[in-house]
Every structure is written in structure tokens, then in C-alpha cells.
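Line order of the protein sequences matches chains A and B.
Those letters in the first sequence? Residues 21 to 211, per our numbering, in order.
Those letters in the second sequence? Residues 21 to 211, per our numbering, in order.
Keep in mind that the hints were calculated from the coordinates and are not lab data.
Among the hints, a few may not be true.
Note that identical chains are pooled: a pair holds if it fits in a single copy or bridges any two copies.
25 angstroms max Cα-Cα, derived SDA-like pairs, lysine to any residue [to be verified]:
no. : residue 1 : residue 2
1   : K143      : M183
2   : K65       : H39
3   : K143      : Q181
4   : K202      : S182
5   : K87       : P62
6   : K87       : P156
7   : K202      : R139
8   : K202      : L130
9   : K202      : R79
10  : K65       : Q181
11  : K143      : F112
So the chains spell out like this:
There are 2 protein chains.
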Amino acid sequence: MKLKMVEGTVRLLARRGLHATSFSEVLELTGAPRGSVYHHFPEGKEQLIREAVAFAGARSIQLLESKAGATALEITEFFLNLWRELLSRSNFQVGCAVLAVTVAADSPVLLSEAAAAFRAWRKRLAELLDAGGLGPTSAAGLAATLIAACEGAVVLSRAEQSMEPFDLVAVQMSEHVRTLLKARSETIPAE
Amino acid sequence: MKLKMVEGTVRLLARRGLHATSFSEVLELTGAPRGSVYHHFPEGKEQLIREAVAFAGARSIQLLESKAGATALEITEFFLNLWRELLSRSNFQVGCAVLAVTVAADSPVLLSEAAAAFRAWRKRLAELLDAGGLGPTSAAGLAATLIAACEGAVVLSRAEQSMEPFDLVAVQMSEHVRTLLKARSETIPAE
């Protein structure tokens, strides 16, 4: 039941933001009994949100793991597609739970949980992109840029209720990765 | 006084999000008399937020106008720097008011005001980048990407309380623009 509540909280955060995400909404969404609130989250709403951010962060990394060993371009397109599906499946109603917490966080504890999630994404995505042919420097830069560009593009597409901004960004990101890969293949002699 | 209240609302949205932005907070921040609320905003909070989003949108475009006639690379670096200064001046406390409204909007009216602001940014930035040497197709793509990447990078840097993610993104964006300009100069013969 605790996991279900945490998952429901991620969904509410992603759809409606931090302040609209309350225990009442989580109970209604998940059908959890009221007693489970203080049983599972004795520290209150902050604990619930903190655990939701950590859960959302870990789940995103888990999704990325399926692309371990792929090329940087494949990883990039997989990553772009994850976000695109989030928009299309929800009819532009849903964004990123961690972003929603960051822009409305009223406590350093929540901000620091969001920071940990973003840093872990950047780190793991950079490792995969590095192994996928980019080398460590470009990989670290591209990981930050892919995450930032997708986060921002999802917000533009949610506001505009249209895939157009997201798709413009996705094309540019794929082109950028191709350029980075080409530049690297030209500077490193084949063995 | 109305303008002062609208400006104050933009600041609150950018710093604390949609739900923490109330008339009481705006009155406290601006020193406006309580009577000015219903005098200037007879439709209530939604009107205040709507006008704040429109104001933030128009102000950003006005800032861009100072780079009319500049090269696409100069425009890109100017744009990146606007966001970087927002982060550094506020010690990572402040982000984008329009994004904050988008991810917590509970009314189609607010979402549509945010959409209008984003669309106007994309359009004007694309025109400037086109004139700055990119051509219309790359300019439309880059405008969306720059806005998305900056919006996302600002969120990462706010969460992490560090310029590191923003700076990684800024380097990649500048590199990407250089590549687009180079590709264009190679396909269009000089006259």
C-alpha cells in the first residue's frame, strides 16, 4: 500500500503540481485507508513528497538501464521517446514530478531531494552516453542538455497542448548528437 | 500601482510557484493598499496571474529586441546570459514565472495564457535567429530548443543550487549554433 501511495503521489505531482498534491488526493486516487497516512508517512506531507521524488528519480534511471550498451544516438532517441510518450499518453496533461517539486518547493529538504534525483539522472545518462561513443566530456554536457531540453520541451508542449515544440526540440537534439559523434569519430583514429 | 502589483506577481511566481502566489503576498511585497485588489483585478486571482504571465512574456520579448540585427551566435549567447544572470543574481532562488504557472495551472485560461507567452517567444526568437544567419527552418528549431533547454537548465540549477548544469547546457547550445551556422554557410554559396 505504501508503494501505491508513493506512485500515486508521483502521478499527482506530475499532473497538478506540488500544492495540489495532498494526502486527501492521494487517498482518493489510490483508495488507501486514511490510517495508512500516519502509519507509512509519520513525518507528514514532506515525507510523502520526498519519497515520491526519490521514487520518480529511481524509476527514470531504471528505464534508462534498458539502453545500456546502445549507441549514444540510440540512447538519445530512446530518452526523447520516453518523454514524448508521457505527453501523448496523457494528452499533454502530465509533466515531470521532480520539476514540479523544484519550482514550488518550500523547504530545503524537498529541494535537496530533487537535486539528488537530477544529479543521479545526469550521472547515469552521462555514463551511458560515454560508453555509447561520446567520450566523458561531451557525455556529461549532452546528459545535462538532454535532460534540460526535455524538461523544458515538455513544459512548452503542455502549455501549448501540442507536440510541435517537443518535436522541434527532439529533431535538434538528435542532430546535435550526430554532430558530436561525427566530431569524435574524426578526432579518434580507428584501431 | 497596478503595474507594480503585476510585476510583484511575476516575482512571486518565479520564486515560489503558482499556489504560494496570493493577493496577500502581492500586497505585502508591493505595499499596495488592499482596496487595489478589487479595483485593479475585479475578476480575482486568475486575472492577476493571467496579467502577470502576459507581462512576463512581453518583457522577455522586449529584452530580445536589443539583439535585433545580431548574429545567431550573439543572440544565443545573449539569451543564455539572461537566464544565467537570473540564477546568479537570485542565488538560484528564481526561475520562470510562465513555467511555474504551466506546471500548476488549474484552469484552461491560465494554460492558454502561458501557451501564448511561449508561442510569442518562439516566434520572435526564431525571426531574430533567421535574420541572424540560420534560415527559417533551423531558426524555428533552435528557438524552441534554446527556450526549452534554458527553462530546463534553470530548473536543474535551482534544484542543485549550482551553476554546473546550466553551464554544461550553455556550452552545448553555443556549440550547436556554431554547427548550424557552419552547415548553412557551406550549403549557401557566397554572393
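Going down the list of hints, with the structure as the test:
1. Taking identical chains as interchangeable, the C-alpha atoms of K143 and M183 lie at most 25 angstroms apart only when they sit on different chains, with a minimum of 16 angstroms there against 28 angstroms within one chain.
2. For the homomeric pair K65 and H39, the shortest alpha-carbon distances inside one copy (10 angstroms) and between copies (16 angstroms) are both at most 25 angstroms.
3. Taking the shortest alpha-carbon separations for K143 and Q181, only the inter-copy value of 17 angstroms comes in at or below 25 angstroms, while the best intra-copy value is 31 angstroms.
4. In this homomeric assembly, K202 and S182 never come within 25 angstroms of each other (Cα to Cα): the closest approach is 32 angstroms inside a single copy and 31 angstroms across copies.
5. In this assembly of identical chains, the alpha carbons of K87 and P62 never lie at most 25 angstroms apart, being 38 angstroms within a copy and 54 angstroms across copies at closest.
6. Only within a single protomer do K87 and P156 lie at most 25 angstroms apart by alpha-carbon distance; the minimum there is 17 angstroms, versus 34 angstroms between protomers.
7. Taking identical chains as interchangeable, the C-alpha atoms of K202 and R139 are never at most 25 angstroms apart, the minima being 27 angstroms within one chain and 33 angstroms between chains.
8. Proximity of K202 to L130 under the C-alpha cut-off of 25 angstroms is found in neither arrangement, the shortest distances being 40 angstroms within a copy and 43 angstroms between copies.
9. In this assembly of identical chains, K202 and R79 lie within 25 angstroms of each other by CA distance neither inside one copy nor across copies; the values are 31 angstroms within and 39 angstroms between.
10. For the homomeric pair K65 and Q181, the shortest alpha-carbon distance between copies (23 angstroms) is at most 25 angstroms, but the shortest distance inside one copy (30 angstroms) is not.
11. When the C-alpha separation of K143 and F112 is checked against a cutoff of 25 angstroms, the pair qualifies only between copies, where the shortest distance is 21 angstroms, while the shortest distance within a copy is 28 angstroms.
The structure does not agree with the numbered hints 4, 5, 7, 8, 9 stated previously, though it agrees with the rest.
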